[in-house]
Amino acid sequence: MSDHVTNEQLSMMIDGELSPVTQAAVRAHLVGCPHCASTHDQLIEVTAALRPLQSLAWSDSSLQIVMSRINPRRRHTRAVVLAPVFFAVVVLVVLSRPLVEAGALIGQAILSAFASLAPGNVVTSTHVLYVLVVVALLFPAISIRLSRWR
Amino acid sequence: MRQPLLETCDDGTTVGGVERTRASLAQGATANTEERGLVGRAASGDEQAFAALVDRYGQPILSLCYASTLDPFAAEDLMQEIFLAAWRGLPRFRGDSMFSTWLFALARNACIDRARRGAVRPRLVGAEEEIPDTVDPYDTSTRETAAALIAATAQLTLPLRQALLLRDVQGLTYEEIATLQSVPIGTVRSRIAAARSALAEEFA
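Order-wise, the sequence lines are chains A and B.
Under the working numbering, the residue at position 28 of the first sequence is numbered 28, and the numbers go up by one with no gaps.
Under the working numbering, the residue at position 137 of the second sequence is numbered 1137, and the numbers go up by one with no gaps.
What the hints contain is simulated information worked out from the structure, not anything from laboratory work.
Certain hints may be false.
The following label-pair restraints were derived from C-beta to C-beta distances [as the list claims (entries may be wrong)]:
1. S1044/B to A24/A: 54 to 62 Å
2. G103/A to S1044/B: 45 to 53 Å
3. T1033/B to P84/A: 20 to 28 Å
4. T1157/B to S38/A: 19 to 27 Å
5. S1044/B to I65/A: 17 to 25 Å
6. V133/A to G1037/B: 54 to 62 Å
7. P1091/B to D60/A: 20 to 28 Å
8. S1182/B to P140/A: 30 to 38 Å
From a predicted model like this one, the values you see are computed outputs, not experimental measurements.
Cβ coordinates follow ideal geometry from the N, Cα and C atoms, glycine included.
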């Protein structure tokens, strides 16, 4: 062994990683070397001071948080689809008969308006309004279909 | 005989964390058929298979993140980013190496990137926040020492800080740290000794 013990040997001795023979030699050296003994004490103090620092433990909630980040999009899409469907079902159940009658009237009016659009006739604002109504009614279904394709 | 560190831990979670890390690293080392099956299914989009892998390696990854950031919240956030990256990159994993090797490499690179972005530069101002609850709040001297120690630990280079905290806080063996850091055991010994020496000089 050289004049002094290396910091690595002292560190390994603290962790119990030295062979019994080497450990005995280091301990014998420390008895007669104030410099190495002082270094040894300082390293032990550092190790002891670190021990109270808390480690982090893995938990089921950690797993859940990770998995929620893995796939948040499907849950969002599911909500986007289900909410309007649920709303539509409620409306249909509540307003079934009057809704059917109103739908029939609207359909009749739309067909009459476009039946009058013979070649040469002018497209009026009424025709445009009816087109917008149809598009508005079909828009939720179209947008949901488009989001799935994306 | 190495002095076990388990008795220094006051709460059961820390003991459980060490055992869980040890089990994860041992499982990774054997790379059994069951894990290969899980990896294959996860790569095809099987979330349950991926959840099993996350649960298996969550503790060592979390330990590595905390040893890198010294901040529980940053460590949790970094851990989530690592597994998110693993999920996205898994279809490209060809199985040339063990899954654990690939995952730990991903984790190390993420820790390095985080350190480079400056998120773990010395937090001298915030060190007081990281003093653990095990330190008596009325013991001013000990709290000051703990705060100074945390600040000094943050000054260490990332590999040294990781090795030191994985050993002295998480209680991992040299072999387990070598697996996580993907370096020889001799390098782990050197890093731990260098880190302790640097801190000892700071407080001499």
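Against the structure, the hints:
1. For S1044/B and A24/A, the hinted distance range of 54 to 62 Å is satisfied, since their beta carbons lie about 57 Å from each other.
2. G103/A and S1044/B have their C-beta atoms about 46 Å apart, which keeps the hinted 45 to 53 Å range intact.
3. Between T1033/B and P84/A the CB atoms are about 47 Å apart, so this pair departs from the stated range of 20 to 28 Å.
4. Judged by the Cβ atoms, the range 19 to 27 Å given for T1157/B and S38/A holds: they are separated by roughly 25 Å.
5. In this structure, S1044/B and I65/A meet the distance hint of 17 to 25 Å, their C-beta atoms being roughly 23 Å apart.
6. Checked against the hint of 54 to 62 Å, the C-beta distance between V133/A and G1037/B comes to roughly 56 Å, which is consistent with it.
7. Distance hint check for P1091/B and D60/A: the Cβ-Cβ separation is about 27 Å, which falls inside the suggested range of 20 to 28 Å.
8. Look at S1182/B against P140/A: about 53 Å separates their beta carbons, and that is not inside 30 to 38 Å.
Comparing the model with each earlier hint shows violations of hints 3, 8; every other hint is respected.
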